[in-house]
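Enquirer: If you want the building blocks of each chain, they are given just below.
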Amino acid sequence: MQAAALHGTLDTKLIAVVIFVYLLATVLYFCYIPFRNKGLGRLATGVTLIGWIMETASMVIRTVISYKMGWGHAPFTNLYESMVFFSWSIVIIYLLIEWRYKNKTIGAFVMPFAFISLAYTTIGPGIRTQIEPLVPALQSNWLIAHVITCFLGYAAFAVSCGVSIMYLIKAKAQEKGKDIAFLPDLRVLDDLNYKAVVIGFPLLTLGIITGAAWANYAWGSYWSWDPKETWSLITWFIYAAFLHARFTRGWRGKKTAILSIIGFAAVLFTYLGVNLLISGLHSYA
Amino acid sequence: MKKREGVSGRFWGFFTSLKLTIFLLFILAVTSISGTLIMQRANPQQYVKAYGEGGYRIIKTLGLYDVYHSWWFLLLLALLVLNIVICSIERFPRSWRFVKEPLRWPDRNLLEEMTPRERFSVSLSLEETLEKIQSLLRGRGYRCERKVEEGRGRIFAQKGVINRLGVYVTHLSVLIILIGGLIGGIWGFSGGMTIVEGESSRNVTIFGSHKVVTLPFDVRCDSFQVDYYPGTMTPKEYKSVITILENGKPVVTRDVRVNHPLKYKGINFYQASYGTISNRVGTLTLEVIPQDGKDKPFRVRVKVGSQVPLKDGYTLKLVAFFPDLVLGRDNQPMNRSQELRNPAALLEVDKGGKYRYRSWVFAFFPEVHSVKNAPFKFHYISFKGLQYTGLQVSKDPGVWVVWTGCTFILVGLVICFFISHRRVWVLVEEKGKKNQVLVVGNVNRNHAAFSQHFEELINDIKEALGVSQ
Ligand code: HEM
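Protein chains in written order, with the numbering used here: chain W, 1 to 285; chain R, 1 to 469.
Hint data in this document are derived by calculation from the structure and do not stem from the laboratory. Accuracy of the hints is not assured; some may be wrong.
Dumping the calculated SDA-like pairs for lysine to any residue here, alpha-carbon to alpha-carbon at most 20 Å [as the list claims (entries may be wrong)]: (1) K263/R with A213/W; (2) K239/R with Y217/W; (3) K159/R with V99/R; (4) K195/W with E53/R.
If we strip away everything but chain R, and leave its shape as in the complex, we get (with noise of 0.2 Å):
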């Protein structure tokens, strides 16, 4: 390389370096540790909690709140995209010059000094000894060119020489892809909204944030269901019916499953939670067993806060409902979640529109009753309450930017790694009777694969110009 002078110069020459290369991605790599050690993007308490006053200080000084869009974390990306752009504007023209202007007709003296080299004489003519080496070489897939001279002819043939370029295309592929999460970043927007079945919204809680995104158009849900795999408590499916409504009216309706996202004018709904409204709506069945003796247990449903006949002027209400009970600190019963974990109801039994007792019913404590000597006594079968979906909504408009790069790198690596740039030059001089040949060869990567191959090369030219081996 090239030696630059003053401050530019160093400047040029420090970003030119390999050593920053590793130097960097050594850093990247031992600074993306702490990301995955501290907790991110958690609120400060979490923080003095864990860590105590000082050690939220260190954490806010120095962003490790957020490791990955810390200044320094993209301080270091931007210094490796300096490197490599500025390493490609220094290499670029050299690699350019093999594609443009390749090597073509070197001096005999070059050719001499370059290995892996053969030599042979041939009785055939010059111009059938060209001809028969070009078939040969163009059935190896390389692309030749032939000049004919006074009293000698060459051939040039080369083939991978996009070889040269694989450095390029994967190093400005790593470019395309961080370009593409910026813009991500900057235009684009992840949150989320619940919408309770047979309801609909156009807002979008964003993460990490109290804002709020209105959407150019409603969304309802039309149901949500989960499916289980028989005989199992392991969910099979999640599922909303999800509607998209231009101002009131619909215009699609589509399943939204997990894996299977709902895209609608650039914006994507992802299926991410559920739960279910229970304690202000919803339908509970119970299993009734009189414990007079002489009746059959039966079943009843009944609605939160309303009535439901039993027998003998007896009357069932559901006075409350908890999917999931715990008890608070007042002892007071309350929901630690709005899922089915610990479904618990609230029961009075009245007789002739006068209170009787009121009774516990535990889904998973079939056998825990509070009131002793109870006319009934009831099993917990199953509540539907009102469900509602959660849905992650997120508009990326950097998202094709992202694979259009993924698929370049991908492409670039093989370029690079399974492709070497091959030349074959051969020189053919009248001798007298015979023609002197020369063959020689050369590669840019993986030279013991090459002088395999080379050399099964000059046998197949040997034995196609006759030539005893």
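If we strip away everything but chain W, and leave its shape as in the complex, we get (with noise of 0.2 Å):
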């Protein structure tokens, strides 16, 4: 553990406890799939719940402490926070769909993104936990907006995904002769993974907008082809092209898998291949 998370403020110090509380609730939806145990999960659903409440507390101190400092703003503002962020949003768009689809066995394959975005801000090099001011250029609603919705979408896309590998999983095994019958049937997870696409989409779309909008008033321009924006229209339109997938014969299932895969990788490419990689207007560091 980072020294700077047993010094920090208390925002900080919360977060170093809901990443064991996501690493627990992980570990208990894997021991949930093979027994089906309601009471196991029923507390698994707990666990989530009361980490997610935990990081929102986290968020809301945090919020609060940059108030005090005298440049209060929203904590959606560099690399930590946004993990920070990208976990919490990951478990409320999980947490939505298992209690609108009644199906708890994705947990396993959702929750490790949520543990391992929130981990990463300990281990990540370079990653600062201090609340800081806000340079002019971040100072926008139009950001605030950005930020928001589209880590919803990479949640929602983060949760396509988990789907998508239990889908090949599943699928690899019956073309073998063997069926996990612990796993939902793949015509399920066929439609979660579209569902969530169908949330995912949307949210980018919008995330896209509002970032062309601040764009448009920070710089003067609505859209530069700077590194960033362009990931994220690559990311939607292979998007795009997994919604068209779908009314294309033979498409369904393997193909639209391995398409909401590819889709997640570009999202992490967007998110952070970008920022360590590429440098642009939009690097945290």
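Hints are included, so try docking the two chains, each in its own frame, into the full complex.
Expert: Following this line, the structure appears as structure tokens:
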């Protein structure tokens, strides 16, 4: 554990605890799969919910501290804060989908994303956990709308990626004549994959639009083919291809599952790869 | 889809194919990557330096120096547009029929084949049965039509028929956004202008070329200012006070800050950069520390090129000021930038009009003194140069078209994804003393949710009609 997390403000200490809560939730969801024990399932959901509430509290506390320091802003402005928000979004979108579609098995394949995203804040290179003042370009309500919509979209895509991985594992086993009975039906997984993308796609679209509106206010051009913008468009093209693939015979199931994994890889590259490998207007560093 | 013959038929068939759509979207995604890996719009020397002569030749031939405006990228977009237009023309009539001529009274045989469906009998009158079912459906947001014939009655109810058009709204929006981009590309411009405090200009230098656009009015920078967060070096705000002058008369004065542009006559001014013209003009504040051990330190302010008295007949002259000092090739002092990144001043101390010595003062290296045993030490306190502001200036008459497209694409997506076209047909037939009721439902997407909805609907109908479940 990084020293800053131990010596940091209350909000970062809370996050250090939430990391372990999400790890526990992941383990519980994995245990739930083979046993299908109702109590275990409820426990997994409960632990996840508690973690999420703590994470929410951490974000609120961080905002309050930032106001007390005199440069009040919502906690969406550097890499650390965005990763916290990323995991927060994944958990809330996941919980909604679990509640709506009454399926707890996908938790085992989605919660790891929330856990990894948070855990990365303590081990990732150059991640600063301090609350920092905002440079003028970041002082924009469009930016807040942009971050929230993008990350909720990313979270939905994380769910679709988790579901697609389950699909491929199950389909592979069935090809070999075996069945992994504890994973949901292929039809159910295919459907959930589509439903997650249906939530993610409009959010990503809105995210790109609010980002364009922000750029228009800050730089006088709504689109300048900056690497981050371009990668978000690449992601958008991939998921648009996904949506159309479902209307084409022979594309459902395996091919769309692969498309949605490629799509999520593009999401991760848009979010992290661009900052780490290519520099542009967006670099958080 | 109908099979079409001949060349035009094959052309048509090619562009109505969804496989082409998937292919185009995928190729657009893959080729877009190149522009994020290769420098865009740099000059030839930079490419040669980074990729060699051969690499530059490839980049030039394929237009990779400006991928998103290259002929092949635009061709891909044009194909996508053609794909959307032709596909929409092909499919729209069929979708429009759902709106214009809905299947209100299908054959009984057809109804018997559809699912989900439910059949039961009631002892209420025909009229009453129809009335109760219809009001229930209305309560659920269905639009209903009723038809009563000899010995039987029918209801046709539907909602969300707009879902059939959502796809066209979405696709049309893509076209609108592209048209907006095209308008901006043809009739818009984007460039920059730098204005020194107190001066005005009407020339905008276009980015990526050396063209200059002359504005039909003057832009004056009254002042420029940077505010910092207390106790930090993080800027909190960049602010230019800008006045627009028409024929020399001021018409608008406004603060232009980052994220708060000024718009005048369709032209937008954004706070983009700033700097200090320090070597020409400006005032330096110094702390003077006499070395005789008697007098206390004091402060003086001196302008570039001018003199101030110190004490005991000594005078101080500010020979030159460097806001960002570096040593050039032949060890000559020069500026790396116009910002106060490494301020340094060259001072001359005279006595009684006679030259005594010269000394450098560095803001960030206060203990460096180039003259030993001098009567004074100097510490840099601050420098106030004449600032200039850098404004980005752009005109984009297509931007409203783009925002319109963006709004509609969101509306279209919501219609596509979160509304489904639900239809319910009810057939009530007199059978002896009782009435036979047949309820049939149909939906065009999200069948699982509709099955549940239909089940609840049937339960409610039965309850309303007093039928035991
Ligand atoms: C960037 C461009 C495009 C976007 C954002 C887009 C978006 C969409 C969306 C959101 C849907 C609804 C999918 C669903 O309900 O699951 C859809 C369906 C469809 N799109 Fe596109 N589309 C694009 C390009 C195209 C192109 C080039 C074609 C050319 C043929 C096309 C043809 C269709 C067709 C035929 C459907 C299915 C309509 C139906 O039967 O319900 N789309 N599109």
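Enquirer: Against each hint, give a clear statement of whether it holds in the structure.
Expert: So, going through the hints one by one against the coordinates:
{"no.": "1", "hint": "K263/R with A213/W", "result": "holds (15 Å)"}
{"no.": "2", "hint": "K239/R with Y217/W", "result": "holds (15 Å)"}
{"no.": "3", "hint": "K159/R with V99/R", "result": "holds (11 Å)"}
{"no.": "4", "hint": "K195/W with E53/R", "result": "violated (50 Å)"}
Violated hint for the displayed structure: number 4, the only one.
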